[in-house]
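Chains A and B, in that order, give the protein sequences.
Just so you know, we're using UniProt numbering here: the first sequence kicks off at 1 and counts up by one.
Just so you know, we're using UniProt numbering here: the second sequence kicks off at 1 and counts up by one.
Simulated from the structure, these hints should not be mistaken for lab results.
All values derive from a computational prediction rather than experimental measurement.
Backbone N, C-alpha and C fix where the C-beta goes; we use that ideal spot for every residue, glycine too.
Mixed in with the good hints, there may be bad ones.
Said to hold, decoys possible - When the alpha-carbon atoms are kept at most 20 Å apart in a straight line, the in silico SDA-like pairs for lysine to any residue are as follows: (1) A:K270 - A:P610; (2) A:K224 - A:D183; (3) A:K496 - B:I34; (4) A:K496 - B:V45; (5) A:K569 - B:S42.
As the list claims (entries may be wrong) - Where chain A lies over chain B, by a calculated footprint (3+ residues, C-beta under 8 Å): (6) 61-69; (7) 234-242.
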Amino acid sequence: MPSRIEIALKDSVRDSRGERIKREIEHFLHLKVKQVRTLDVFTVDAELSRTELEAAASGPFCDPVIQSYSIDLPQAVGFDWAVEVGFRPGVTDNVGRTAGEAVSYLIQRPLADNEAVYSSIQYLLSADLSSEQVEKIATGLLCNTLIQRYSIMSAADFMAKRGFPTTVPKVTGETKGQVREMDLEVSDEELLRISKDGVLALTLEEMKIIQSHYRDPQVLAERKKQGLGSKPTDVELECLAQTWSEHCKHKIFSATVQYEDENGNKQEIKSLFKSYIQRVTKDVRENLGDKDFCLSVFKDNAGVITFDENNSLVFKVETHNSPSALDPYGGALTGIVGVNRDPFGTGQGSKLIFNTDVFCFADPFYDKPLPSRLLHPRRIFEGVVEGVEHGGNKSGIPTVNGSIVFDERFAGKPLVFCGTAGMMPARVNGIPGHEKSIKPGDLIVMAGGRIGKDGIHGATFSSEELNENSPVTAVQIGDPITQKRMFDFLIRARDKGLYRFITDNGAGGLSSSIGEMAGECNGCRMDLAKAPLKYPGLNPWEILISEAQERMSMAVPPEKLDEFMAMSKRFGVESTVLGEFTDSGTFHIQYGDATVAWLPMEFMHEGLPPMQIPAKWQPPVNPEAPAQHKEDWTADLLGLLGQLNICSKESVVRRYDHEVQGGSVVKPFTGVTNDGPSDAAVVRPILDSYKGVVVSHGICPRYSDIDAYHMAANALDEALRNYVAVGGNPDHWAGLDNFCWCDPVLSEKTPDGPYKMAQLVRANQALLDLCVPINLPLVSGKDSMKNDFYDGTTKISIPPTLLFSVIGTIPDIRNAVTMDFKRAGDIICLLGETKDELGGSEYLAMQGYTGNKVPKVNITTALARYKALHQAIMSGLVASCHDLSDGGLAVALAESAFSGGFGCRVELANVRFEGDQRYKTDELLLFSESASRLLVTVHPAQWAAFEEAMAGTGFSQIGQVADNDIVTIAGLEGKTVLSTDLAQLKSAWQRPLKEL
Amino acid sequence: MKQTRAIVITGNGTNCETEAAHACRLGGFDEAKIAHIAEILSGEVRLDDYHFLNLTGGFLDGDDLGSAKAQAHRLKYATVYDTPNGAPEKLVEQFTRFINAGKLVLGVCNGFQLMVKMGMLPALDGNTLTQTVTLCHNDCGRFQDRWCYLKADPASPCVFTKGIEKGIYLPVRHGEGKFLTDSPATLERIESGHLAVLKYSEADYAEPTMEFPANPNGSTNAIAGLCDPTGRLMGLMPHPEAFVHYTQHPRWTREQLPENGDGLILYKNAADFVRKNLL
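Can you build the whole structure from these sequences, using the hints too?
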């Protein structure tokens, strides 16, 4: 008999969770609520005696100082409505799992397979509400019905029925091990139906390639020997769908593109990835010669560069957009713990040293109707932030850098970029840390969590647009603690040399991880019946492609197996041998004795011809905003500081632990009251060395509305500016490109595909044009190409977005610089030229315009500036340094001033302007977002040395830090055109998101 | 010469072991061992061989049952089978023996939560296994990473805070740091015994404060750190191991600061105590 244990806070104890829910109900749903109290409910479905139940309730489940417990007896009193929310069967329930473990310590035995503890939360509302309104609170706020279930009771109902019934959300099912044969000898329409109904995301052409594979007499003869028929099994078809998915195969980046520019010049591009991304790195490595610092690029889960003599630096940035749209909390949590496994599974494994995260959302205060199935941007915001908070904080990895970008089109799909860096020994047991290998005969071992139906079709589902029928099982919930335990074990196993190869299980599950590993030695044999399952009832194809989290796959040499397994057990981590690697040329999958998939390795990995995609570039012409002439620009600056893309994100950032591991040198916030926005992060990963890691990023999707070439160029330049601003070394830097696009493939649903594809081509061209001259290798990246929402009537496509991340080093962290003004009297100096480039700016956006004059990057002059600045910073000549980006000079000045607690006096007449003098106006000098500019302050005594260091790079003195709190700017005519105090500026900047 | 030996327990969600061990070494310990709980449960590593036990920050078991609850429960019930005399013992017996041998324990953040939930603090009558105080959700309802000024009580018996003149500046990084006692009597005994050794204050270290964000969680009497009556067991929510070098200070690029951070004194005092009393 299952029992319900309820844990309630004592009356005298403040219920901060309940208070938060009350605020959210009032804020989001505009309903008045007197009070919300909350209770924790544990449903114990295990053979326990009354004494044992009592011991569990009073022991691990209850804090006697603040809580009371009851068993099978409701505690709720004094409320009008009760809502109870728990998980649906099979959804990861971390609290339930931990509770189950605590019970097993108590009863001195592990719980049996059919025993478990489930958690839920009871919300008690004191409010005058109708049942419809309570329903709205339940579905609109308390419960995500995709993964959770809820029930509602009025107080009277609750009394009559003595509370909620005991519900056990157990997955019921039997092990069937069912394998179906799929008949592909059918019409084209039928082939497409099979693909669509099965969420295979295979095109007709791809289905026909598979069809013809199964017509090949040689293939059929080989299959016969294995006891397989002429039809593909569901295991094979699913496996191919994963391996060939856009998510795993990057078909768009590998496609042959017919590109035509605005002048009708035509060009055939064979693979954007090879022609641009890979080529950048190849060219840069050649140029660097024996100074090449790249160690492992593109081939592994993350990129690896040198750090110091004994250590190498690993970095990867991923996206987790589609799952975050459906379940923001679970999607983002899985995003962060998922990307953690990439550097961990790179080379022989690395220790994780920091996370980064960048989100793109629609306005959280959005108040227009949304298509059904889309969650409100505010819920996405809340859920994603909390997911990354739990994922990062619980894993003990500091979140050191990030940003939030807002645009209405991200209502269609939010973008959730999560990055993780790691540090690996340069050599592990005599082998370079970034290298690994597999020998035939090595055992396939999976460690970590168990397999369930979670995340089935994640890879293929994210390769389609979001629609009303997007599958529920595509959502997973991460479990940072299970993963942490696994990492604790595996990093020690690495140092003992207990495995030869490691990789993570992400998209596509085992089909992908073992499929790729088998590529190393040309084959494998794996028995899916050996895989540990969360619950019975999974068919072989589900086991193969499940994206259940917290799993790594290893190749373990047979002679090390016993030691590996013993250590795994000691560390409380489940590891299972699933088969062995071979050189048979075949991906051979069994379920027990029966062969359920027999796929030639070559067909799996090379069987897909490149797609053909048309691309045609036609520059858009946007309306121009009329130039404005004002006597006073103060209100415009205050307005800009309050724009969502510029304002302070401190309420979010403080929820992330950015200091764990002790290496935080330049923190997200800096300045006299610890609340000024840092440009980039400096981290000291090895506590007895002064060498540091610098990480930064750039992102500016709005420029895509003018030209994605310049969007990419500016994103890259912004990342570089931020990187050098804190002291990053421009001779030792590497880039990561994360493309998030809307579907660019011409089809009935996407008639503007050629334009979107041309945008993609142009963004790639920009990377090649800019990276090579500055020796910036691209070491890793990822693309996510289907960021659209389409429900048959409404289509929302995100603006093409490139997140460009830069990682590198600073020789000595003690030379790092922050962006806050340091002392009165320092000289304010602007590096770089301001141009007639208001196009795509925050300033124009505030007026409802995009314009056309997008900032253009001159990378040669920029590089000279960045190198000179780096030398000046290393020589201690720079007191503060801040990059100019959103909002231009006016915003940068305001930020440095209020962060430092000093005002300033600046003369626009001293700003270097380049271009037609007719356009040189106060408006433009204040708000243009021209690239490659930085605001620097220098102590007067060091000015001469600074001037010498920067010689020939284009800079000018524009003012001085003041000994009061007034920011004053004189216009071109010498009159004051902007004047306000620090308190006003800071409050305008802090207000918008302060309460979130 | 005999060695001063510190141990830092990790595993099941502990996160701050590396910097805690680093702080022990900087503070003067000859050895700072990072031991996984699995190595302690298997008998490979024994607390008896060390002088200073660090229970440091993290999210033990994800704080799924409330911060550190599941680990407190595990430590009480888990058995170590492989012992020198061959007789299995409860892990908690190793802890009790360690404390009774006059050794030092420092719990930071999640480690502090673990100590109070096991009953190791405030241990008013020497009973280290009965819980009388707790740390619960911050009043603001959210995790907070921010720096706080901590006023020290010079009259406290605490071994770790000896020599702190006015106070120290350290980061807090927690969602459950609000200190509560089971009764006014417990609070009274804590205060009269000068056991509430660190309290949140403004930058002048003048008076304890209940104002957010200087007091980040709404703790009763602004209590941030607590010791037992012997002064050898201490727990605190702020992170001393996170400020042992000036470049960890949020304003180091604009203030003239000494080489060592404020948190290092706790580890120096621990090393001094061990050298004088336990070797």
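Status of the hints after comparison with the structure:
no. : hint            : verdict
1   : A:K270 - A:P610 : holds (9 Å)
2   : A:K224 - A:D183 : holds (17 Å)
3   : A:K496 - B:I34  : holds (17 Å)
4   : A:K496 - B:V45  : holds (18 Å)
5   : A:K569 - B:S42  : holds (11 Å)
6   : 61-69           : holds (count 7)
7   : 234-242         : holds (count 3)
Every hint, counting from the list given before, is met by this structure.
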